[in-house]
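Number of protein chains: 4
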Amino acid sequence: MKAIADLCIVPLGVGVSLGKYIAECERVLRKSGLKTRLHAYGTNIEGEWDDVVAAIKQCHEVLHTMGAPRVSSDIRIGTRVDRVQTMDDKTRSVEEKL
Amino acid sequence: MKAIADLCIVPLGVGVSLGKYIAECERVLRKSGLKTRLHAYGTNIEGEWDDVVAAIKQCHEVLHTMGAPRVSSDIRIGTRVDRVQTMDDKTRSVEEKL
Amino acid sequence: MKAIADLCIVPLGVGVSLGKYIAECERVLRKSGLKTRLHAYGTNIEGEWDDVVAAIKQCHEVLHTMGAPRVSSDIRIGTRVDRVQTMDDKTRSVEEKL
Amino acid sequence: MKAIADLCIVPLGVGVSLGKYIAECERVLRKSGLKTRLHAYGTNIEGEWDDVVAAIKQCHEVLHTMGAPRVSSDIRIGTRVDRVQTMDDKTRSVEEKL
Chain A
415 MKAIADLCIV
425 PLGVGVSLGK
435 YIAECERVLR
445 KSGLKTRLHA
455 YGTNIEGEWD
465 DVVAAIKQCH
475 EVLHTMGAPR
485 VSSDIRIGTR
495 VDRVQTMDDK
505 TRSVEEKL
Chain B
415 MKAIADLCIV
425 PLGVGVSLGK
435 YIAECERVLR
445 KSGLKTRLHA
455 YGTNIEGEWD
465 DVVAAIKQCH
475 EVLHTMGAPR
485 VSSDIRIGTR
495 VDRVQTMDDK
505 TRSVEEKL
Chain C
415 MKAIADLCIV
425 PLGVGVSLGK
435 YIAECERVLR
445 KSGLKTRLHA
455 YGTNIEGEWD
465 DVVAAIKQCH
475 EVLHTMGAPR
485 VSSDIRIGTR
495 VDRVQTMDDK
505 TRSVEEKL
Chain D
415 MKAIADLCIV
425 PLGVGVSLGK
435 YIAECERVLR
445 KSGLKTRLHA
455 YGTNIEGEWD
465 DVVAAIKQCH
475 EVLHTMGAPR
485 VSSDIRIGTR
495 VDRVQTMDDK
505 TRSVEEKL
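Residue numbers (the working numbering), protein chains in the order written: chain A, 415 to 512; chain B, 415 to 512; chain C, 415 to 512; chain D, 415 to 512.
These aren't lab readings, by the way, just hints derived from the structure by calculation.
Wrong hints could be hidden among the right ones.
Since the list can't tell identical chains apart, any single copy or any two copies may satisfy a pair.
[Unchecked claim] Simulated crosslink set (DSSO-like; lysine-lysine; CA at most 27 Å straight-line):
no.	residue 1	residue 2
1	416	434
2	511	445
3	511	471
4	449	434
5	511	434
6	445	434
7	416	445
8	511	416
9	449	471
10	416	471
Predicted, not measured: the structure shown is a model, and the values here were computed from it.
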């Protein structure tokens, strides 16, 4: 089952500068072979459901290893069985109507 | 890795009355053996990370089987390695300070 | 316009024990006169759209006053114009189908 | 109070092709004068808190006017008082560490 997701991950207990933690998660996501795109409040992720959630789990584990005692994520994840749709399809279907 | 999650799942393309779809997801979550608690905008879920995300995947699959061409979820999921914390601990830690 | 919302608010840069911050937000929400219900990963809020978002803004302001340099919220908010629906209606419409 | 937000808005009861509804929300956001950026699972929005939430309310109203009986949004919204930070700052602080 294909999925398009969006991950906003927040390490708690490590102060307010989260850039290096988010960068480490980006590296995890990129190494996973999934298609990803960073934006200002999260990261789009496209791939098989199992691969997407496995990569997100790995992000939690990496942040704990980096010293974060708590990690909280907000994940949007969508699946559809009527047709194949990519991240690019989704933005294009809006942009072509503007 | 233990997780506490909150799932807000929305089937698209099946009209506005979503009660029967959400009820079916509740049945999936309860059969999974995870601890769950329904509220007005989602369901709290407590358990092992892998079991939690497997149950959520099954909810997507069930809604597709019921006829929803698209399913979109908003998931909050938290992990902590400093100590064990249950859903009840979380609400109690707030309520005892009110 | 009536709204049913769910607020998950996270102060950043104040450590991992967030109970006292969440409790203070609960006090803000209760004083606002809105109907609220705390759960393990957020708080349901029911009322007029403007009152709901004003109360959430006040929660951010209060957490900043308490010393949090950053505050990040995840808010679910729903409106409907086909009929009146309360938080209790929402949970009941699922529970009666279980 | 400045805010950076991310809006994922879903009209319910209007089928599965949501592109024209999301495009109409994009027009509302752009007319509002706020800085926005569309991605595959939502739209980043930057501006004063009151302007951001007013624009989101208008998006709900517009979708109802277009015929959606129900509208459900997932909103991430962050504020910080330690320093000024833009959407571009947020992505740059991650990208320069990759």
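(request) Determine which of the earlier numbered hints do not hold for this structure and return their numbers in increasing order. (result) As far as the earlier hints go, not one is violated by this structure.
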